[in-house]
Every structure is written in structure tokens, then in C-alpha cells.
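Given chain A's structure and the hints, the job is docking chain B onto it.
In order, the protein sequence lines correspond to chains A and B. Residue numbers for the first sequence follow the working numbering, so the first one is 1 and each next one is one higher. Residue numbers for the second sequence follow the working numbering, so the first one is 1 and each next one is one higher.
Each hint should be verified, as a subset may be incorrect.
[To be verified] When the alpha-carbon atoms are kept at most 30 Å apart in a straight line, the in silico DSSO-like pairs for lysine-lysine are as follows: (1) B/Lys-117 - A/Lys-411; (2) B/Lys-158 - B/Lys-272; (3) B/Lys-142 - B/Lys-69; (4) B/Lys-117 - A/Lys-407; (5) B/Lys-144 - B/Lys-158; (6) B/Lys-117 - B/Lys-144.
[To be verified] Some, not all, of what chain B presents toward chain A, calculated at C-beta under 10 Å: (7) Lys-305; (8) Met-307; (9) Gly-308.
Hints in this document: simulated from the structure, not taken from any laboratory. Treat the numbers as computed from the prediction; the structure is a model and nothing was measured. All residues carry an ideal CB built from backbone N, CA and C; glycine is no exception.
The chain contents come next:
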Amino acid sequence: MSLSGRARSGGAIPPLPSRKPLADLFFSKRPSSKRLILETQEPAKTSSTSTPANRSSLVGPVWAYTPAQLSNPDQRAFLPSSLFSRLSRYRRTLAAPLLSAGCVLLLLALPATPARAQTDCLACHGDVTMTDGAGHNVGVDATKFHAGIHGSLHCTDCHSDIKGYPHPAQPSKVDCGTCHATEAADLVGSVHQHASAQPCVSCHGNPHYILPKSNPQSAVYPLNVPATCGKCHGNAQFAKQHHLTNVYPEYIDSIHGFAVSKEGLLVAANCSSCHGSHHILSPTDPQSPTYRANIPQTCGKCHAGILTKYMAGVHGQQLKAGNPNAPVCTDCHTAHGITAATSALSTDACGRCHQAQLTTYRDTFHSKVSHLGAYVEVARCSDCHGEHDILPPSDPLSTVNPRNLVKTCGKCHQGANAGFVRYQPHANDRSWRQSPVLFSIHLFMVVLLSSVLTFFLIHTLLWLIRSLIDRA
Amino acid sequence: MPDQAMPKPVTPTQSQHPVTGDDPSGRPGAGQTEPVTQPAPAQQTSAQQTTGGPITQPEERYFQRFTVKQRWSHAIMLTTFLGLAATGLTILFSSNAWAQRFAALVGGFDAILFLHKLCAVTLTAVFLYHVYDLMVRIFIKKEKGILWGPTSMVPNLKDLKHMIGNFRWFLGLGPKPTAERYAYWEKFDYWAVFWGMVIIGSSGYVMWFGPFFGRFLPGWALNAVQIVHGEEALLAITFIFSIHFVNSHLRPDCFPMDTTVFTGVLTEEEFKQRHLDEYQRLAAEGKLEEKLTVKPQAGFVTFAKVMGFTAVFIGLVLLVLTVRAYFRI
Numbered sequence: 001m002s003l004s005g006r007a008r009s010g011g012a013i014p015p016l017p018s019r020k021p022l023a024d025l026f027f028s029k030r031p032s033s034k035r036l037i038l039e040t041q042e043p044a045k046t047s048s049t050s051t052p053a054n055r056s057s058l059v060g061p062v063w064a065y066t067p068a069q070l071s072n073p074d075q076r077a078f079l080p081s082s083l084f085s086r087l088s089r090y091r092r093t094l095a096a097p098l099l100s101a102g103c104v105l106l107l108l109a110l111p112a113t114p115a116r117a118q119t120d121c122l123a124c125h126g127d128v129t130m131t132d133g134a135g136h137n138v139g140v141d142a143t144k145f146h147a148g149i150h151g152s153l154h155c156t157d158c159h160s161d162i163k164g165y166p167h168p169a170q171p172s173k174v175d176c177g178t179c180h181a182t183e184a185a186d187l188v189g190s191v192h193q194h195a196s197a198q199p200c201v202s203c204h205g206n207p208h209y210i211l212p213k214s215n216p217q218s219a220v221y222p223l224n225v226p227a228t229c230g231k232c233h234g235n236a237q238f239a240k241q242h243h244l245t246n247v248y249p250e251y252i253d254s255i256h257g258f259a260v261s262k263e264g265l266l267v268a269a270n271c272s273s274c275h276g277s278h279h280i281l282s283p284t285d286p287q288s289p290t291y292r293a294n295i296p297q298t299c300g301k302c303h304a305g306i307l308t309k310y311m312a313g314v315h316g317q318q319l320k321a322g323n324p325n326a327p328v329c330t331d332c333h334t335a336h337g338i339t340a341a342t343s344a345l346s347t348d349a350c351g352r353c354h355q356a357q358l359t360t361y362r363d364t365f366h367s368k369v370s371h372l373g374a375y376v377e378v379a380r381c382s383d384c385h386g387e388h389d390i391l392p393p394s395d396p397l398s399t400v401n402p403r404n405l406v407k408t409c410g411k412c413h414q415g416a417n418a419g420f421v422r423y424q425p426h427a428n429d430r431s432w433r434q435s436p437v438l439f440s441i442h443l444f445m446v447v448l449l450s451s452v453l454t455f456f457l458i459h460t461l462l463w464l465i466r467s468l469i470d471r472a
Numbered sequence: 001m002p003d004q005a006m007p008k009p010v011t012p013t014q015s016q017h018p019v020t021g022d023d024p025s026g027r028p029g030a031g032q033t034e035p036v037t038q039p040a041p042a043q044q045t046s047a048q049q050t051t052g053g054p055i056t057q058p059e060e061r062y063f064q065r066f067t068v069k070q071r072w073s074h075a076i077m078l079t080t081f082l083g084l085a086a087t088g089l090t091i092l093f094s095s096n097a098w099a100q101r102f103a104a105l106v107g108g109f110d111a112i113l114f115l116h117k118l119c120a121v122t123l124t125a126v127f128l129y130h131v132y133d134l135m136v137r138i139f140i141k142k143e144k145g146i147l148w149g150p151t152s153m154v155p156n157l158k159d160l161k162h163m164i165g166n167f168r169w170f171l172g173l174g175p176k177p178t179a180e181r182y183a184y185w186e187k188f189d190y191w192a193v194f195w196g197m198v199i200i201g202s203s204g205y206v207m208w209f210g211p212f213f214g215r216f217l218p219g220w221a222l223n224a225v226q227i228v229h230g231e232e233a234l235l236a237i238t239f240i241f242s243i244h245f246v247n248s249h250l251r252p253d254c255f256p257m258d259t260t261v262f263t264g265v266l267t268e269e270e271f272k273q274r275h276l277d278e279y280q281r282l283a284a285e286g287k288l289e290e291k292l293t294v295k296p297q298a299g300f301v302t303f304a305k306v307m308g309f310t311a312v313f314i315g316l317v318l319l320v321l322t323v324r325a326y327f328r329i
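Chain A extracted, bound-state conformation (with noise of 0.2 Å):
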């Protein structure tokens, strides 16, 4: 990183001590609470991905607080709360060893380099205007970062080959996964693995500023995960230039959507419920959660009770004897745009799989009647066969089985009886191997049909032609 910039822009370069007294930097308060945070709650990981100079730069500060300083509220604002109270429950307990091991691992890390705190870097990165060499805005803003998950930390913890000043103009990218290893380790081979350099920033933010997800203000923030994620899978331009599903208008206009957006509920399924957040896989990979087979687990973890009846159904057994055509959520729901699931929706849903049976009700009053009017009570498929466990009609639980047959009409037709419910539903009257009555009966009507007009085209057309030539 490059100071030219920040020159051109018209700010001298300050000295360096001259915002805070020279002992801020070694007795500063905020940034080494959080580390002794780290040291108490997570020795070993903290131990293992931290450099020297990191450990140094942390440990100082630990003599500086007293019990009393703890459980001052001014004090504590800058603690995660959650933290905060951990800490403060076993302060009594631990303040005593903890306060003597910190003062022994200083000792032992003192000498390595001189600790930095972030008045140094922000004395002059502090000018939120400041850009590098290439224009790239390297400026900080205070107050967010201090207000941000990270505000605690020392800039150089994440800065870590940047160890005094002046510092290389190309200072090494930084690596998230020095302390966030499980999440770094988990974007190996996802889709987003190679998504851009720096995949971390896309959906976290500026990473000076991020803040914790159950913020209201995070980007991951359960209610701000779609559009998080519609940053690029809602753009339709970006996402066709990138071969990217292009979903994040479906699944706003879902039902899932309106719950986020409208209804603001924290349960609802926002894309990481389905698609996961740092190990997304692409849905061909069988381990991925929207792999076609995992669908229904998938969906059940909060549709619990709709899976077990998929499970029980014709479907959910299809699926489970490995039929790949078996259909799952999605075919019937589809991904993204899923809606309220009205029987209306059904026909063209089971169609798309059951030709023959749509092509056969296609001729029926019950299809008839559903064109005319989309909140007209009929029967489509759902009607009779149910929704999730559908069972073949030779299962005695099932809706369409010749016994439940009565009950299930009479739900519409008053009056249904024994001889009414022998009416055959899908009955195929252009087959004859099918159904050789009504084949025969359709034949009948469609030559009387044809002979009767046939005859009196004819006989008409005559009549006409005679006519005008007998009157010229």
C-alpha cells in the first residue's frame, strides 16, 4: 500500500504519535479484551493460527483491566454481549490464573516485535477518502470498525505481514482463514470457491465493518441472506454474463420470499436454509442438499411433517427404491418460486409426469370447468388422490380406492352412491382396447356427425349452384 495517494489527495502525513499519548499504544483497552477473550475460550485455535507477533501484540494490554473495569458498562460496550457475560461469570473464578498466564505468555512474546494498536494504522487509514496507488480506497472509518465484529482487533491480526511503518506498498492479501478455518476449509470446492478473489468480501462486506449475523444490519442476517445473495443471482444481466441462476426473482415472489420480505420471519427458509452458506455444492453433486435425492430432506428439515407423508407416499417410496424419475418438492413446487399450493396448480404439476391421465381428464367436466374460472370448486388431481401420500388405488388407505370412492366424490358430489362413483374418471374413449363401449358410442356420434353434414354440404352446395344458374 502506497501513502502517494493519500498525499495526492491533499493530507499531509501526520506523525505518528500525534493523536493519542504514546502509552495508548500499549495500554489500549479495546483491542486486547477480545484477545483475552480468544486466549480463554479458544487456546488451542488461537495458538495455532496465530503468528508471534500476533500473540504479542494481544497479550499486552491484560493487566490494564480489573474486575471493576469488566463490569463497567462504558467499558464493556465495545464486548460481544454474549462474550461479555461468559467472561463476566467466571471472572471471579478464572480472573486470577488467567491474569497470571496472560502476564506470563507476555513476558515470553515481549521481546519479538513492538505491538501495534490500530491508532497507529488509523491515524492515517482513518481518512475514509484515502486510496492507494490504483485508486483502491484503503480508508477506515473509525467508528463502523470499532462498532463491527472485528472492531477489537488489531489491524496487523489480519494485516500480519505488515509489522511496522513504514509498510510495503503491496501489503499480502489478507486470509480470512487464519482464524476462521472451518468456514475457509468449507469454501473448498464450492461453487463459490473460485467465485471471485476475494469470496469472503462478496457476501460479508467490507470485511473492517462486518458485523455479527444476528445484527439486523449483517448481510447474512437471516432476513438480508437473499438479497446478500441477489447481489449477483438477481442481476439478470451479471447473471447471464457469469452463467448464473439468474433466481432471486422467483424466490422473492415466493412464498418463502413473502415470508422473509414481508412478514420478516427469522424461520423462514432464506437461501442458505436450502443451499447451505460457505459449502454450497452445485446441485448435481450428490452431496449437496439440492441434489435431486436429497430434495425431500432437504425441504423436511422444516416440512418435517409433509416428509413423512412424501416418505409414506408413492413418491417418497419410488424415491427410496432409487427410481430417479421419482418425483421430489421441487417437481411439483418447484425451487424458487414457490407459491401457496392450491389444487389449481396441480393439474399442469402432475401432468408434466402423468401425459396420459392430463389428457384424459382434459376431456372430463371436472377439466372443463376448472378452465373457466380459477376459484371454481372442481376436482383436479389433488382433489382425489391427495397431495403428499398418494397411494397407488389398489391400497385400501387410498383416496381412489374403489372402497374410499363414495367419500371421496361425495366431498363434492352430494349424494354420491354406489352406482354414481362407477363413473370412470380418466375413462379413454379414443381407445378401444381401453374402453370399447365408449370408443364405440364416440364413433357412432363422430360418422353421424360427419354423414348428416356431409350429405347436406352437398345437397346445399347443389342447390346454390342450381340456383344461380337457373337465374341467369
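Structure of chain B alone, referenced to chain A:
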């Protein structure tokens, strides 16, 4: 259908030609200011009068062909038939955009079906009244010739000869044959409608009251009535809106509109041209004068024409839609 007793003509003889206040000489070109033409002498009343200038032109004679009852039957039947066709085709071809738009316009499927049933019940009432009327005339009044006479609707050998003769005439192989009161195509119209109402009506009621008929009809019958109802209705619609329209209302010798079935009367010339056998039979029997009637009022003729053209227009639109939907073109 066989004639009933015709209303007695107001004026049995031409010398007492009726000149009502409304209809001094209501034909076109004979305005109120024009001197009223004197009733023509009897020998001059044949349709082919050869004498007389524009003023002395004798009155055309008008004969009663259809009774009021028959005309009302036809009017109600054509109205309900158009209603049944419009709503029925909407249901039959419900996947077409025009059907869905029409249904939305009318008020959705419920409204369509309601109108269909309303028309059906009305038409059924007309049909049942006609059957009742026939029964009374056949079994109570024991009218002569209602079944086998020259004015009967029952087809006979003469109709077959008439048809063969007509085809010979069409092909230039013989003279134009003459018809009795009802030509064979008119009898066909009658029986087609009669059969159609029985078939379409009964199948419609089976569908309407499915659970009731399901008690004693076999299972396949409930499926069959749907096929029969739709196909027979298609036959009726295509036949009425093409063959019947042309044969009875639009053919060249009565183009653009034969309004006899609305006004109930035809001129002597038309009578002789279309039903010469009947004309001659009545003349021989001396009953021709009984059929004489007054010229219909101009306003009524206009009304009849508007009604006829409206029916034809609606019918032709439905015919085009039907053919296009049937052949998916």
C-alpha cells in the same frame, strides 16, 4: 309439424280485402299520401298480375303458413338454442381463449352453467308442451292426416321421390320438383331437432343429476352421456348454423332473409314457388281462401328481419368458433 286449425282469415274473399287503419297499403312505395288502391277484382289477384301501372297495381295476397303457437315455439327455441350453444360451446371448448374470455365476461363458470341450465329448462318446457300438444291431437282430437296425411311431418315415399327429383334438378337431369306443405329438408330439420332435444336433453339431465341416475344406470353410461351430449350438440350446432340457415333462410330464392317463420305469412308467389303441391291441393279442395290473411305490418316485418339477422349473425360466429376449435385451427 302438422297444421292446427288455422285462424280464420279476416276476409274470406278478396272483394272484402282488409284495410286496417295501420295498414292501408303497407308495402314499400305505398305511402299514406298515395291514393289507396282499390281492392283488386278476384280474377286479378293471382300473383302473376300482368296489368296495371304503379298505382293500379293490385294487392299481393298473403297466406298464413305458421300459427302463432308455431312461431312462438320457433322463437323460444331459437333463443334458447343460441343460449345453449353459446354457453355449451364455452364449456366444450373451455381451453380456448375466447371461451375463457366469454366466461369471464358472463361471470365465470357458475354463471355459464346457470344460463345453460336455464335455457335447457325453457327448451325442455317447449319440447314437453309440443309433445303434449301432439298427444292431444293424435289421441284425443284424433286429427286426420296428422301422421300420414299430406301435411304430416312423418317422412313418406313422396319425400324420397322429392329428394331424388331435387338431386336430378340440381344436376340438370330433370325439372324442379314441387313440394307439399313440408319439403323433405324441412321434415329433416324437424326430426333432427326433435331427436336432438331428446338425446341432448336426456343426457344433459343425467349429467345434471348424476348421483340420482347413478343409482340405476351402469357406470359406463355416466361416461357415455358426456360423449353423446357433446357430440350431438356439435351436430345440432353445425347443422342449424350452416344447413338450416341456408336452406330455410338464406338460399337464393329467399335471400337475404326468409321471415315466414317469424311473421307467419308468405305471399301467394312465394307459396306457389315453394309449396306448389300444397297450393294446388288447397285450391282443388277449395280451402285456399281459408289461408288468406293480411299483409304483416311493416314494423313487424322489420322486427322479424332484425331477429333473423341477429340469430344468423350469432350462429355464424359460433359456427366459425366451433369449426376452428374442433379442428384446432
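Do the hints match the structure? See the list:
Using a Cα cut-off of 30 Å, the hinted pair B/Lys-117 and A/Lys-411 holds, with the two alpha carbons roughly 23 Å apart. Note on B/Lys-158 and B/Lys-272: the hinted pairing holds, with a Cα-Cα distance of about 18 Å set against a maximum of 30 Å. A distance of roughly 19 Å separates the Cα atoms of B/Lys-142 and B/Lys-69; the hinted pair therefore holds under the 30 Å criterion. As the CA atoms of B/Lys-117 and A/Lys-407 are separated by approximately 27 Å, the hinted pair is consistent with the 30 Å bound.
Distance check on the hinted pair: B/Lys-144 and B/Lys-158 sit about 19 Å apart at the alpha-carbon level, within 30 Å; holds. Taken as a hint, the B/Lys-117 and B/Lys-144 pair is broken in the structure, with Cα atoms around 37 Å apart against an allowance of 30 Å. Nearest Cβ of chain A to the Cβ of B/Lys-305: about 21 Å, over the 10 Å cut. The hint is violated. Checking B/Met-307 against chain A: minimum C-beta separation of about 23 Å lies over 10 Å; hint violated.
At about 18 Å, the closest approach between the beta carbon of B/Gly-308 and any beta carbon in chain A exceeds 10 Å, and the interface hint on this residue is violated.
Comparing the model with each earlier hint shows violations of hints 6, 7, 8 and 9; every other hint is respected.
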